[in-house]
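2 protein chains.
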Amino acid sequence: MRKYGLHNRLVAHPGRRDALVQIMIEAAALVKDAPGCELYFVGISPREPDVLWVTEVWTREQDHQASLKLPRVRALIERGRPLVAVPPDQTVTDVVGGKGV
Amino acid sequence: MRKYGLHNRLVAHPGRRDALVQIMIEAAALVKDAPGCELYFVGISPREPDVLWVTEVWTREQDHQASLKLPRVRALIERGRPLVAVPPDQTVTDVVGGKGV
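Chains as they are written, first to last, in our numbering: chain P, 208 to 308; chain H, 208 to 308.
If you are wondering where the hints come from, they were derived from the structure by calculation, not from laboratory data. Note that this is a predicted model, so its numbers are computed, not measured. Among the hints, erroneous ones may be present.
Where chains are identical, the list cannot tell them apart; a pair therefore holds if satisfied intra-copy or between any two copies.
For lysine to aspartate or glutamate, the following EDC-like pairs were computed, each having C-alpha atoms within a straight-line distance of at most 16 Å [what the hints assert, rightly or not]:
id	residue 1	residue 2
1	LYS306	ASP240
2	LYS306	GLU245
3	LYS306	GLU233
4	LYS276	ASP240
5	LYS276	ASP296
All chains should be built: construct the whole structure from the sequences, respecting the hints.
Right, here's the structure in full:
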């Protein structure tokens with residue numbers, strides 16, 4: 208079965224990336240036991256000091272949509288939003304296989 | 208400890224994406240037990256018919272480098288290369304945390 212993948216490239220305001228990383232790590236801790244959350248991890252770019260990547264795999268798209276309605280997730284999104292400099296670059300994929308999914 | 212992440216966006220020649228996906232799934236099967244391979248999964252874009260994403264997390268960059276020297280991995284790279292239309296867009300990240308890493 209194909210799964211629902213998201214590759215989010217976020218650009219923080221200068222000097223705010225680490226704060227945004229902490230929020231996304233909190234988000235991972237919040238959703239890790241949510242139905243259908245298979246992967247949710249955060250990376251930073253060693254070359255671009257304001258950039259972070261959030262990579263998600265959900266069993267179904269609906270599982271991801273449901274997670275966005277959780278009050279504590281919505282609160283985190285509100286905390287993170289002011290730290291983000293430009294609209295997120297989000298790519299949706301159909302995850303077809305491999306190790307870890 | 209930070210881990211070594213790779214986000215590879217590949218563009219196949221028209222009509223060859225599925226063949227390239229199969230090669231990358233074979234690659235995942237080859238490296239899944241290689242030292243330090245934590246994640247290696249393949250996604251396709253539902254919106255861009257020639258695009259696939261390969262997402263990797265390795266414990267250390269050296270583990271990834273070592274995998275590229277395995278003869279069977281090199282053979283797969285040679286099989287895949289003619290299917291790729293443009294130089295891969297590869298982003299390196301330092302994976303700092305989350306679920307599944």
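These are the hints, each one checked on the structure:
| no. | hint | verdict |
| --- | --- | --- |
| 1 | LYS306 <-> ASP240 | between (20 Å within a copy, 9 Å between copies) |
| 2 | LYS306 <-> GLU245 | both (12 Å within a copy, 8 Å between copies) |
| 3 | LYS306 <-> GLU233 | between (25 Å within a copy, 11 Å between copies) |
| 4 | LYS276 <-> ASP240 | within (15 Å within a copy, 38 Å between copies) |
| 5 | LYS276 <-> ASP296 | neither (21 Å within a copy, 33 Å between copies) |
Checked against the numbered hints above, the structure violates only hint 5.
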